[in-house]
Every structure is written in structure tokens, then in C-alpha cells.
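S.K.: Chain by chain, the residues:
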Amino acid sequence: MAYARTRHHPPGTSPGTLRPHEVPKGEKVTIRVISYGPDRFEEKELASVDEALAYRDAPGVTWIDVSGLHDMGVLQKLGDAFGLHPLALEDVLNTGQRPKLDDYETQQFMVMKEIHFSGSMIEMEQVSLFLGKSYVITFQETPGDCFEPVRERLRKGKGRLRRLGADYLVYALIDSLVDQAFPILEKLGEGIEDLEEEVLHSPTRETLHAIHDVKRCLLGLRRAAWPQREVIHALQSEGSRFVQKETRVYLRDLYDHTIQIMDMIETYRDITAGMLDVYLSSLSNRMNEIMKVLTIIATIFIPLTFIVGIYGMNFNTQVSPWNMPELNWRYGYPTVLGVMLMIAVGMLIYFRRRKWL
Amino acid sequence: MAYARTRHHPPGTSPGTLRPHEVPKGEKVTIRVISYGPDRFEEKELASVDEALAYRDAPGVTWIDVSGLHDMGVLQKLGDAFGLHPLALEDVLNTGQRPKLDDYETQQFMVMKEIHFSGSMIEMEQVSLFLGKSYVITFQETPGDCFEPVRERLRKGKGRLRRLGADYLVYALIDSLVDQAFPILEKLGEGIEDLEEEVLHSPTRETLHAIHDVKRCLLGLRRAAWPQREVIHALQSEGSRFVQKETRVYLRDLYDHTIQIMDMIETYRDITAGMLDVYLSSLSNRMNEIMKVLTIIATIFIPLTFIVGIYGMNFNTQVSPWNMPELNWRYGYPTVLGVMLMIAVGMLIYFRRRKWL
Amino acid sequence: MAYARTRHHPPGTSPGTLRPHEVPKGEKVTIRVISYGPDRFEEKELASVDEALAYRDAPGVTWIDVSGLHDMGVLQKLGDAFGLHPLALEDVLNTGQRPKLDDYETQQFMVMKEIHFSGSMIEMEQVSLFLGKSYVITFQETPGDCFEPVRERLRKGKGRLRRLGADYLVYALIDSLVDQAFPILEKLGEGIEDLEEEVLHSPTRETLHAIHDVKRCLLGLRRAAWPQREVIHALQSEGSRFVQKETRVYLRDLYDHTIQIMDMIETYRDITAGMLDVYLSSLSNRMNEIMKVLTIIATIFIPLTFIVGIYGMNFNTQVSPWNMPELNWRYGYPTVLGVMLMIAVGMLIYFRRRKWL
Amino acid sequence: MAYARTRHHPPGTSPGTLRPHEVPKGEKVTIRVISYGPDRFEEKELASVDEALAYRDAPGVTWIDVSGLHDMGVLQKLGDAFGLHPLALEDVLNTGQRPKLDDYETQQFMVMKEIHFSGSMIEMEQVSLFLGKSYVITFQETPGDCFEPVRERLRKGKGRLRRLGADYLVYALIDSLVDQAFPILEKLGEGIEDLEEEVLHSPTRETLHAIHDVKRCLLGLRRAAWPQREVIHALQSEGSRFVQKETRVYLRDLYDHTIQIMDMIETYRDITAGMLDVYLSSLSNRMNEIMKVLTIIATIFIPLTFIVGIYGMNFNTQVSPWNMPELNWRYGYPTVLGVMLMIAVGMLIYFRRRKWL
Amino acid sequence: MAYARTRHHPPGTSPGTLRPHEVPKGEKVTIRVISYGPDRFEEKELASVDEALAYRDAPGVTWIDVSGLHDMGVLQKLGDAFGLHPLALEDVLNTGQRPKLDDYETQQFMVMKEIHFSGSMIEMEQVSLFLGKSYVITFQETPGDCFEPVRERLRKGKGRLRRLGADYLVYALIDSLVDQAFPILEKLGEGIEDLEEEVLHSPTRETLHAIHDVKRCLLGLRRAAWPQREVIHALQSEGSRFVQKETRVYLRDLYDHTIQIMDMIETYRDITAGMLDVYLSSLSNRMNEIMKVLTIIATIFIPLTFIVGIYGMNFNTQVSPWNMPELNWRYGYPTVLGVMLMIAVGMLIYFRRRKWL
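So the sequence lines, in the order shown, correspond to chains A, B, C, D and E.
If you read the first sequence in this note's numbering, its first letter stands for residue 29, the second for the next number, and so on.
If you read the second sequence in this note's numbering, its first letter stands for residue 29, the second for the next number, and so on.
If you read the third sequence in this note's numbering, its first letter stands for residue 29, the second for the next number, and so on.
If you read the fourth sequence in this note's numbering, its first letter stands for residue 29, the second for the next number, and so on.
If you read the fifth sequence in this note's numbering, its first letter stands for residue 29, the second for the next number, and so on.
Possibly wrong hints are sitting among the right ones.
[Stated by the list, open to error] Simulated crosslink set (BS3-like; lysine-lysine; CA at most 30 Å straight-line):
| # | chain 1 | residue 1 | chain 2 | residue 2 |
| --- | --- | --- | --- | --- |
| 1 | A | 383 | D | 128 |
| 2 | E | 105 | C | 383 |
| 3 | C | 320 | B | 383 |
| 4 | C | 105 | C | 128 |
| 5 | A | 128 | B | 105 |
| 6 | C | 128 | C | 56 |
| 7 | D | 128 | E | 128 |
| 8 | C | 320 | D | 320 |
| 9 | E | 105 | C | 184 |
| 10 | A | 128 | A | 273 |
| 11 | E | 128 | C | 215 |
| 12 | B | 320 | E | 383 |
| 13 | E | 273 | E | 184 |
| 14 | B | 320 | C | 215 |
| 15 | C | 56 | A | 383 |
| 16 | C | 215 | C | 128 |
| 17 | A | 320 | A | 184 |
| 18 | A | 383 | D | 383 |
| 19 | D | 184 | B | 383 |
| 20 | B | 128 | C | 128 |
| 21 | B | 320 | A | 186 |
[Said to hold, decoys possible] Stretch by stretch, here's where chain C covers chain B in the computed footprint (C-beta under 8 Å, at least three residues):
| # | stretch |
| --- | --- |
| 22 | 57-63 |
| 23 | 280-289 |
| 24 | 360-374 |
None of these hints come from the bench; they were simulated from the model.
Where is the CB? At the ideal position from N, CA and C, for every residue including glycine.
Please model the complete structure; the sequences and the hints are all you need to start from.
M.R.: Structure below.
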């Protein structure tokens, strides 16, 4: 995994010069338009970008959703038709952007992240949103998205979504993006609980790797969630020209969600940091235990081995009465065995007193 | 324990769509109304939510207390009658909320936490409060609560509580919730003192687990206490339309309590963090001690064993005068024993000088 | 030591309901009144609290100093006579308060801490001060205090203290409380210096305990000093109605003192944190040294012991010329000794190259 | 590498007294002037600084680029002609400056850093920029720079760069400087990924050095990037007299880039900090593994060696039936071998139960 | 070294009561007056403080520099003549002050620190400055100072220093004090570089002490530099009555210097903190290496020693064909040697596979 990938305008070109996004070949750019009002709803997948231009001045709210970023023509034409700023388009293409909110004269431009679990690592897709007076334009890197429930609600045609304007649509879209974090965090949380059990009771080398992976996941999530929170805060509190008062209370609620997400991430980070300490302590504990066994065995047997070594010496007992007379004693052997037993028992008592046993 | 549980509006529904809270079956929703003024007091457990509606425009102050969140009808009806915002009702149901204060047009909505000790872990129950002009509505997850003393004071009918308005009632309720933290913190503090003794004098593997548990408790407490403090601060200082000047001085006092709670939590966290260091140092210390014993025993006996090994060799002394003539010396054996004694004593002196003994 | 002790209004009673402070029996509440002006001075120990009430409207400045908090009547009567707020009186009794400044209509109420060294731990006594237009009321837990120098200056009757009003008296009292921290910090500082020497040159298990104690002391001091600083800042800068401009410059100077105290505490904390690292490094260093000795001894003698073991085998040399012919060589024994010497010397050279010696 | 090098005005001289920058001899100071407007473009390398003065009042925008800082005359003359403040000129010469923006009456003065990779360490060159009403003056330490693409765009004569004023030129120059950080960060990121693999699977002593080097790189980058960000923020938001509204939106975009750079640096720092923990854990893990092998081998063989030592003792079996009768048993030897086998197997089972195998 | 030394007004005296500074006896208080204007310059060492009073209303700027703080009369008289506030004079005497800026009615009072290297530790001398409308009064603890270059520039009589007022003189003096930190930091930086080499390639116990000393130095520097920075910021930005606009730009430059100093200190602290980690890792690495050697030697030889021990047993081969028949085999000895060789080689292969060799 590359930690960050940021493309910026190529040297020798002025900022705002567009270059196509690199994608696996054969993938198509999909443009889908939804146009609606309280009483009408129209959904259409467009064959070419030129059709989209007709919706510029359509009544009600228009949502143009572009999946795939490799066709420069599409971006350029949409940009020209809706007056999207070249710098914003550049940011659409450079998918390593941090979530942010930029105010342009005729739109507000937002960069958000869609979070997926891919295996045990977290993947992020950049979603760019333009909020104009009566239209929303979204750009996604790949076709699949989490906006289907929003579309469904639009189709069903009831509720606030159809009644309120483009700002509420943007709220609904961002809400989908943000709420995706909850199941992922819950899954992470379960993983952390398991890890915690493991680290306390049977830590292995794999536990360390797993802790490390979780930490990396959380680092990535935090990197996305923090600025996302700021985006929503700016949208809600500053009162851009495009967000109406009625929508603002929903954005405040969404803002609470992002605070909750940050809160969970920070809690998980604290827990994970603590786990590493516990892991290291467990290692030390184990080491201590192993050392204790070694020490007890060695400390008991090394002196005993010395003693039996003594009586394995070959001093000539016949030459002198000073040379190992014990060897010829009647109870020499049992005496030595007895002495060794006493030493061993003495040591065990000593160890027990020191609480090593 | 799951670290966080957050439900949000289900996909495909607009925000504010209510779904019942999951509860163990068979539990009943209890609705209790207390209506009072300086000279009157009425307390009643309601059979159905419809009765509650009569109290909407009752004179004096009305407190509607709902225990159990699984009956959607109750919430919906209360919400309609008192004009509670759907987003707030959603937060009532999603009991993983962070404590917060949201300002709606006709009420202030607060989420607070009731803290219990359950075994050695801390449990939290969400308590939601709506403060309107002349009424307070509270929602609790389960029947038991810490509001009984407040009810008692209301029944006795003397003091500020009966004289002042709904804002003072909310103060009294939050005060009960906040002050519950003190005995829990004191119990925790005693546990920490015991742990500290243990970690300094006889740390075991269980000590580590206990430190870990305390850290987790404190993490949880802090996560609840921090935003609670902000809620009370907002209630007191910002001067919502619903809080009168006379009540504000009590809220400021309550705010001081929350600061004190935070202060205690931080102090405990500092102490607990320090304990882990001490624990690790103790482990290292122990390891050192064990290693010292092993080293002393091994260092003394390994050379001695080598020497006795020498005189256990079977070189043929008869073949050559160069082959182990010591074996046939008159004082060979005592000499070797003496040499070994000198080596052992020398080593002991060396160890003593190095302060290993 | 209990880390924190906070009493709050008992359940079932409204806030501001007073309950007597628990004290060792037999201790008496002392009430001392000093009433002074530029030209007059009167000092009196009162037999009963009723006498104090006469001073309420006395000309000049009146200082009522109450030692001992267990007589509820005294507090209640003083409270009634001087219009002290019940919440403030509650805080006077609950001696686990954090230092704080509360503004009431007719007084400013301050909670401060008097710091003592008791053995090697720090003890704190709560001192509560009420500053009114022409009076100061102080409450202390126990009789002894650090206000004697202030009284002395009042008695001598010269200088600003007699000339200026109640606000300057409060400044003088708080100044006494704050300046008490300096000798304690200096004593702590000396202890830290000694510890530092010890940790670098001869760390023992006791060193760890001592570091731990110092850390705890500093934690306690910081917990008291930080809010104290805020109290003085509020008193000086906000300009309460009770503090005059001339006094404010003295409070600013006092504020500088508290910053200096915080600064010293933080420096000590940094140093102490560093000491733990050094302690752990020293342990590791020691371990390394011990291991080195063990390794050198074992690495040299284990192979040698193996060799002597070989020639201690009992293969029958008479059965076959292949069986240990060395035993019958003329220079077998010296050769083996020589080989072993060479091995030992070789190893020592190897160790020296690796810088283990 | 020296961590910081700061020259300040020499003692005995007033601030703003210039002294030549120390450079390797033989290098020449190059002065290059580009003067342009929407319809005209002129580029010239000047033989002497006096020629530059003619451009002071030239129409359109003039960019004077000075490479090499050792000719005092050049600086002094330019300073006099364009009214550059002596303190700013001093900062141009003292190449250890932190990036900063200083507002002078007739210019804005900026210090920026050009970052290069030199081997595995990061090198920085100071670039100083003066932005006046219609001119930009840049000073570089060495000839090579990253401004060539900007010059190329000027030469090609199309786009905003020629149309807009000196402020946009400064934006373009700073943009070049900032965007240079991205490839360097990507290279660093790849190095960190490799390191991470290494630290998890085969950590060596070199890994530690590499982690250390990366940390140092990041420290250096952060030290440069942080104030650079502030400079751009000040340029964009404060609205100096020299920056026009149209340029400001580009500066805001550039500001986003610097935030992204900081974000990447912080992420890398977090990852690198985590790696050290993993490294230490890996070391501990290894140690444990080694200890386990040693302990198993020693624990099995030390008792066995003791047993064989027993039967190597030379007690005289003929003197007494108590002396090692086993030696004369028919199945003595196989019995002993069997007993030892049983002990060894028993120990292996014990180890397996303790999960040491 | 005492970490902090703070004298405060003695108990029983009112604040502002002066007591002489303790100094080694025999040292003299020196009073030097420099009085100058654009066209005049007068320098004189005064015999008594009374002469100084004549300069109070002298035209131009007067700088009274007092070295030595033990003569109370000098301070008192100067204080009376120039209206210096007693609290400020108290701070002049209590040389443990933190750098600070206090605004009095007729002067600004500053406390600054002069930093020296004394051996390998840093020493600080307190310099107190009073800035009045047309005079500067400085107090130093000891005679030597870093103001000589300023005096030299005054004597030479050219440049801004003579032209501008007392505020610029204060700037010049503080500039001398601040710039003294740079060579000290550079020397520290070189020491850190050396330490870094050492810690990576040959860490010893002394390295640890050296790291510890550097950390202490940096702690001390930071403690002085941080508030010094605030003093200069306050002087520059707040616009006291005594600082003119022309001087302010120089103070801003000086402020940049202090930021740079803080920046260097923080960088050094980061590096030093990293070094401790590297040091500990190096220790662990070493330990691992030592353990490896021990384990390899022990693991190879312990089983071999066991084998040779077997054939050193004295079972009677004549009693039974089951008793150690190997001893009488023709190739018994070579076979055993061969088996042992195979075991040793096998182990070495195993170790190589585990990468222990």
C-alpha cells in the first residue's frame, strides 16, 4: 500500500491544466443524471456528456453523477458548462486529496472519502461533490457506490429529500458516506476485543503484526475522518450561500456523527496503544518464567554435578591415605547421595522463600 | 464488552425515521408523570401514553419520565404532542450517543450518561432529557434510576425545587447523574491504591491485568465525562432561553463538580500510567535478581567442575611420568580441594566487590 | 492516602443543605476577629459566633478567621449574617474542592490550598476565603496556619496593609499561601538532585520507589497549583468589584509567582520522567554486564569441560588400538592441557576483539 | 550534518550590516532578468548588477533572479535601488533562516526552502523572494533551481502567468518550491514501506539505523514545511497590498498542498514511531526464542549429565555392598539409559504443555 | 546544581521590602553611565550612586548599568530617583525570576537571562532592564557582560543606535543577550552529532550520562528561551508607550531569532529523545548477540558433554554383557567421536537455518 499519492499539475503547465486519471483499461465512464422536484422525477444514464448540458437550467434539482475519471473530455465539458473552477477539476483528478471544502463563486466544492474494507486493510475512494444553486455534481473513481439508498429514496418520491433543494441532497450524500464508517468501526472494534483477549492470554508474534495492522487502519481512518469533520462543520456553521436553514439542523446532526466517529477512533487508538504495552509486558513475563525454570534447574544441578565430579577423580587411593579416602568408606556412596539430596532440598526451600516457585 | 454501539438511521430511510430499540422481551415501558407547582404535587404512573398528552398545557411544571425505549408508539406520540424533533428522537433510541446538548426551537435536548459499576467494569445507561418551557421529558433505557431522591424532595414539597421552574428540575436531575460518579471514582481510587502497593511489592501477572482493567475503566469514564462537562457548560453560560438566572448559579456549581471529576480521572490516569512503568521496572528488577543468582552459581561451579573433570581423565600414569603425576601425589586430593576452595572464595570476593551480593 | 475526597450534598437534600465536617473529637472551633483601619487595630478571640455579627458593619476592615469546620451553627450564623451563599458554604465544608473563584452578588468566594510537608508526602489543607466590601472571612480545617506574619504586620500597624482595604488583605493572605510552595519545592528539588546522583551511579530497588514518590508529590502539587494560578489570574485581570487598581499590581506580581511555581513543577516532572528512563537503562546495562560475565565463564569452560570429559571415558584401550590411544601416549596429558590453554586464550582474544572485556 | 546554522549580525556592528556569504571559491554570481507583459517577453543574463537597475521602473513585471550570495556589491546595489530593507538583506545572507514572511513598506519579503534529496539525507537551499508592486527579486544559494518550468511557461507566453501580475509570478515560484516535496515524500514513503516489511520479518541492526535516518529526514522536512505553510497562509488570507483577489484562489489551493504535505509527514512520523516499537518487540521476541532453545537444551541435559556423573564416581564397590552396587547389576547400564530417556521425554511433555515447543 | 532558586519577600515584611542579594564578599558594585545623543557621547564610571541622579533629566538617552546587586543603598536610591516600583526592585534582587515584561506607569520592566557555557552545563545570569522615556537602567549579577559591542557602537557614534531613542538601545541590549544563544546552540549541536555517532556505533554507559546531560541543558535553555520570546513579542506587538514604530521592525526581526532558537531547541530535544530509544535498542541488540553466543556454545557442548559423561560411567562390563559393551568394541571410541561430530555439525546447520549465525 502506498501511504499517499498526490498528483499535482505537471511541471511546465499552469495549474488547472487537466491530465487524465490513470485507470485500468477498458473501464467506461458512466454519467447518470437524476432530475427531480417535489412532483417529478427523472433518471437517465447518459450516452454522452453533451446530453448533460441540457440539465444545466432544468427546473428543480439536478444530480449529475460521474463514475470514472479517465475521460478528460467529460470533465472539461462539464467544467465549461457549469463553470467549475479548473483548480477544483484538478483536485477531482488528483485522488490523493484530503477531504476539504472550497468556496468558489458559483459552487461549493467538496472532497470526501468513501471507506471500504478490503481484506483486513482499509481502502478509500475519493468522492468529489460540487454544490450549485440547483444542481449537484459528483465524481467517483469507480462505479460502485453507497448512494443507492439515496437514489431509492428519491425514486420513492416521498419525504424531505424530494421537497428540499440541492443542499439537502448533498447532506444526504455526505450522510451516506459518513455513516459507512460505523459498521467498519464496529468490525474493527470486535477485532480489537479479540486481540485484547489474545494479548492478555496467549500473545504470539502474529499478535504483534495484528496490533500493528489495526494501528495502521486507525491511522488511515483518522487521517480521513478528521478533515471530513471540518468539512461538515464548515458546511453547517459558516452558512454558505447554498445551504438553507432547514438543512442546517441535519448537518449539525451529521456533525455529531463525525464527532462520534473521531471519538471511537481515538478510543480505539488508546486501547491499541495500551495493548502494545501489555504485549511487551507479557513477553517480559514469559522471559522471566523461562529464566526461572532455567535458573532453578541449573542452580540445583550444577553444584550436584560438581560433587559427583569430585568422586569421579582418579586420585590414587593406594598411594596415600589423604587421597579420597571417602571412596573406600563403607557408607561413602549413600552419604554422598544423602548430602546431594539435602543440598537439592535446601535449594528448593530457598527458592520457595524467594517466591520463585 | 463492545466499545461503542451506534445505530443510525437505516439505509433507504430518511433521517428521523424511528425504529424500535432492541430490548430483552417482556419488559414493559413505564411512563410516570409528576406535575407540581409551589403549592401542588401530583404523581401518577400512566397506563397509556395518551394520558400524558393532557399534561402538555398543565399549569406549573410537568415531568414525564419514560423507562424503556422499545415501544415506538410512545415515542412517536410524545414527539407529536410536544413537538420533539425527529432527529432528537432518533438520538433517544440510538443509545450509543455521546453526551451532547442540541438546541431546538421549542426545547433543549440533552443526552447524558448514568454510570454504574457492574462487577469491576463500568456500565453506562443513556438518559435523554428534553427541557421545554414548563415541562421536562426524560427517557431511560431501563427502569431503575438515580432520580428517586429528586422525586422524594418534590414529594416533600419544600425548598427551591418546588418553587423554581423546569430548568431547576433539569439541574436537579443532571446533578443526580453527575454526582453518581463520585462514589465510583472513590472506589476506583481505593482499587488504585491497592494496586500501587501490589505493583511495588509483589507484582504478578494478575497485577498487569488489573492495571489494564483500571485503564479501560478510566478511558470509558473520561469518554463520558468530557462531553458531559461541555453540556453543562453550554447550559450554564450560553444562557438558553429555558434557563433562568437563579438556576444558573447552581449549574455553575455543578460545572465545578464536573471539572473535579475530570481532574480526578486525569490524576488517576497519570497514576495508572506510572504504575505500568513501575511494573515493568519491577519485572526487570526481578529478572536481574534471578540472573544474578544463576550467574553466581554457574560462575563458581563451572570452573570447579572443569577442574574435577581434569582429574577424572584416564591418562595412563604408568606409561609416562608426564601423565597426571598429581594422581599419585601424597597430598594430591587435599591440594585440589584447597585450590578449588580458593577459587570459590576468590570469586565470592569479586562478586561482593561488584556489589552482586 | 486517598487521592481525592469529595463530599457533595447528600442525596434527598437540596444543594446547599449543610452537614457538619467530620473531625477528630474534642477539637474546638476557634473564631478570631481582627478589625483595623489606618489608625486603629483590634484583635480578639471570640467566645461565640454571635459576637462576630457585631463586626458586620464595623468601620475599616474586618477579618474573621474560623479554624475548624465541625460546628454547623457557626457556619450557619455567619452565613446568615454576612449573606454567604449556601453553595459556597457547602464548598467550605467539602474540603476536597479544587481551588476556584466564584463570584456571588455580595462577595467573592475563593478556595485555596495550604501545602505542608508531612514526612515525605505532601499534605493539603483547604482554606476558604470570602472577600466582601469591607470584610474578609476565612475558614481553615485545623488551627495552625501560615497567616501569622500577616497578623504581625497588621499589629505593627505600618505599611500598605493597614492603609489599603480588604482586597489587599486577601492578597496578603493568598500571598502567604502561595509563597509556602517555594521552600517545599526547593526541598523537593534537593531530593531530586540526590536521586539523580543515585540513579546514575548506584540505582537500587529503593531508587525506583523514591522516583515514584517524587512523581506522586509533583502530581499532587500540580493539581493544586494549576487552578490556584487561575484563581489569581481571575482576581487580577477580570477586575471584580472588590479589587482596587492599586492592589491589582500586587496580584499581578503574585500571579508571576504562581507561573514560576508551575514552571518549577513542570521542570521537575520532566527531570523525573527522564530519571525513570535512566533507571531502566541502568538496569539493562547491569543485566548486560552480568550476562557478559556469565557468558565469558560459560563459553570458556563448557568446551574445556567437554574435552576433559572425553578423556574421562572408559573405553578399553587394551581391546583395540583405536580406543583412546592418547591415554597411553607419553605426553598425552601435557598435550591436552596445552590444547585447552590454547582454546581458552583464543576465546579471550575473541572476546577482546568483540569488546566484551 | 550540522542541524542548524544561523549567522546573525556580527558583534560590534549594527543589525543590517552585511557580510558576504561564505561560498566555495570560483563560483560566480549569476543575475538573470526576465521582463514581461501580456504581449512582450525579454530574458537576459546580466553582466553587472548596474544593468538591473534599469528595470526598476520597466513596464509590466520584472523578475530579477540572483544565484550565489557571495558578492556583497550586488546585494547592496539591488538593495539601494529597490529599497530593500537591510534586515531583509541580512536574512538573505544568513541561509539558516526559518521560512517566514515579513511585511516591509514597499515589499513583502519571503524566505522559503528548496528541498533536494542528496543520497539518503535531505538537503535544503534557502530561496529568498521580494515581492514588490511590479517586480519579484529572488536570491538563491546555488545556480541550479526548480524554476525552469516557470520560465518555460513565461517564454511560451500563454496563460495566466503572462497576463497576471507579479503576485501570480510569486505564486508560481512558491508553487514550484512546494510541489518539489511530493516526489521526495513519495520516495520516502516507499522507503518506509520497505522498512516496515523488514522490521516485521527480518529486523537487523541496520534496520534500526535506517529507521533513525528516516526519522531525522522527517524531522527536517517538518521543520521546513510547518513555517512554509504559515507563510502561504499569511500571503493568502491576510491580503497584503501586493496580492490580488484573482491570485488568492490559487494561493488557497497551494495552501491545501502544504496541509497535505504536513499531513503526510505526520502520518509517516506516526508510522515510523510505531516501527521502533515493533523493532523492539521483535528483538524481545527473538531473545525469547533464543532463551527458549537454551533453556530446553540445558534443562534436559543438565539433570542427565548429573546422572551419568553419578555413575562415573569411583566409589570402591569391593569395600562395601553399599558402594554403588548398581555398577555390578546385570541390567545396570540399560536401566540407567532407560531412566534418562524417561526423564527427557517427561521434560519434553512438560515443555509442550507450557507451550514452549 | 540547584534547579531553581527563588527568593520572595521575607515573611513578616510587606512585599517590596528589599533585602540585599547574597554575594561573595569583597566584590564591588559598579555603576556605569553612558549618556548620548546624535551628536554627543559621555561615558563615566560613577563613584557613588548619587552622581547618577543628575542624569535623570539629562537630554538625549541615558543608560545606567549596575553590576552587582548586594548594595541595597544603590538600588533604593535609584529606585527613589527614577520612580522604580518596589515590586520590580524586589524582582531585580531575586535572581531566580522567569524572563518577563511588566508594565509600570513610568517604565517597562524586563527580566532577561544571559546564558553562558560553564564546563558542559549551562549557566544563567539574570539581567534586569528598566525602559523609561529617555533612560535605560540595567542590573546585572556579575561584572562581565555581553554588552561591550553595544557600548563600542555607541562610542563610534554612527548608525541608528545614536540617532534613535532609549527603546532602540533596549532592543540592542536584548539583541546581544538573545544572540548569545546561537553559538551555544551550535556547540550543543556538534556535541549531539558526536553523541549520535557514538550511540549508533559504540554506546557505553558514559553515552547515557552524556545524553542525560544534553537533555538537562536543553531543558534549561528552553525554560529560559520560551518566556524570553514572549517578552520580545509583547514589546514588539503590543506597542507600549515607550517603543516607537521604527524600532518595532527590529524587534520583529529579533522575535524571529527567538522563534529560530525555540525551533532549534525543539529539534535537538526530538533528536535527543530519539537517541535514548536507539541507545536502549543498541543495548538490547548487544544482549541478543551475547545470548546468541552463549546459547550456541552451550547448546552444542551440553549434549556432547552428556555423551562423554555416559562413557565415563563405571558400570562393570565384566559382570554382564549388557553393561556398556561399547567400551570393549574395536571402534567404540572413533564411533563416539564421530557421532558427536555429527551432532555438532547438525546443530550448526540448524542454527544457520534459524539465522543465528
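S.K.: Give a verdict on every hint.
M.R.: Hints versus structure:
1. At most 30 Å may separate the alpha-carbon atoms for a hinted pair to count; residue 383 of chain A and residue 128 of chain D exceed this at roughly 63 Å.
2. About 67 Å separates the Cα atoms of residue 105 of chain E and residue 383 of chain C, which puts this hinted pair outside 30 Å; it is violated.
3. Between residue 320 of chain C and residue 383 of chain B the alpha-carbon distance is near 16 Å, which keeps this suggested pair within the 30 Å criterion.
4. Between residue 105 of chain C and residue 128 of chain C the alpha-carbon distance is near 24 Å, which keeps this suggested pair within the 30 Å criterion.
5. For the hint linking residue 128 of chain A to residue 105 of chain B, the alpha-carbon distance of about 41 Å lies beyond 30 Å, and the restraint is violated.
6. Note on residue 128 of chain C and residue 56 of chain C: the hinted pairing holds, with a Cα-Cα distance of about 27 Å set against a maximum of 30 Å.
7. Pair hint residue 128 of chain D plus residue 128 of chain E holds up; C-alpha atoms about 25 Å apart against a cutoff of 30 Å.
8. With a CA separation close to 19 Å, the supplied pair residue 320 of chain C and residue 320 of chain D stays within the 30 Å bound.
9. Straight-line distance between C-alpha atoms of residue 105 of chain E and residue 184 of chain C comes to about 25 Å, which keeps the hinted pair within the 30 Å bound.
10. Between the alpha carbons of residue 128 of chain A and residue 273 of chain A the distance comes to roughly 22 Å, so the proposed pair stays at or under 30 Å and holds.
11. Taking the CA atoms of residue 128 of chain E and residue 215 of chain C, the gap is near 25 Å; set against the 30 Å cutoff, the hint holds.
12. At roughly 29 Å between alpha-carbon atoms, residue 320 of chain B and residue 383 of chain E fall within 30 Å of each other, so this suggested pair holds.
13. The suggested pairing of residue 273 of chain E with residue 184 of chain E holds, with an alpha-carbon distance near 25 Å, which does not exceed 30 Å.
14. Proximity of residue 320 of chain B to residue 215 of chain C is assessed by CA-CA distance (about 36 Å); at most 30 Å being required, the pair is judged violated.
15. Taken as a hint, the residue 56 of chain C and residue 383 of chain A pair is broken in the structure, with Cα atoms around 51 Å apart against an allowance of 30 Å.
16. For the hint linking residue 215 of chain C to residue 128 of chain C, the alpha-carbon distance of about 27 Å falls within 30 Å, and the restraint holds.
17. Distance check on the hinted pair: residue 320 of chain A and residue 184 of chain A sit about 71 Å apart at the alpha-carbon level, beyond 30 Å; violated.
18. Under the criterion of a C-alpha separation no larger than 30 Å, the hint pairing residue 383 of chain A with residue 383 of chain D is consistent with the structure, at around 22 Å.
19. Of the pairs offered as hints, the one joining residue 184 of chain D and residue 383 of chain B is violated, with about 81 Å between alpha carbons and a cut-off of 30 Å exceeded.
20. Restraint check for residue 128 of chain B and residue 128 of chain C: satisfied, since their Cα atoms lie roughly 25 Å apart, inside the 30 Å limit.
21. For the hint pairing residue 320 of chain B with residue 186 of chain A, the CA-to-CA distance comes to about 79 Å; that exceeds 30 Å, so the pair is violated.
22. A stretch counts as covered by a chain when three or more of its residues have a beta carbon under 8 Å from one of that chain; for the stretch 57-63 of chain B and chain C the count is 0, and the coverage is violated.
23. Counting residues of the stretch 280-289 of chain B whose CB lies closer than 8 Å to any CB of chain C gives 6, so the stated coverage by that chain holds, three being the minimum.
24. Taking a C-beta to C-beta cut-off of 8 Å, the stretch 360-374 of chain B contributes 0 residues in contact with chain C, too few for the three needed, and the coverage statement is violated.
Of the numbered hints listed earlier, those contradicted by the structure are 1, 2, 5, 14, 15, 17, 19, 21, 22 and 24.
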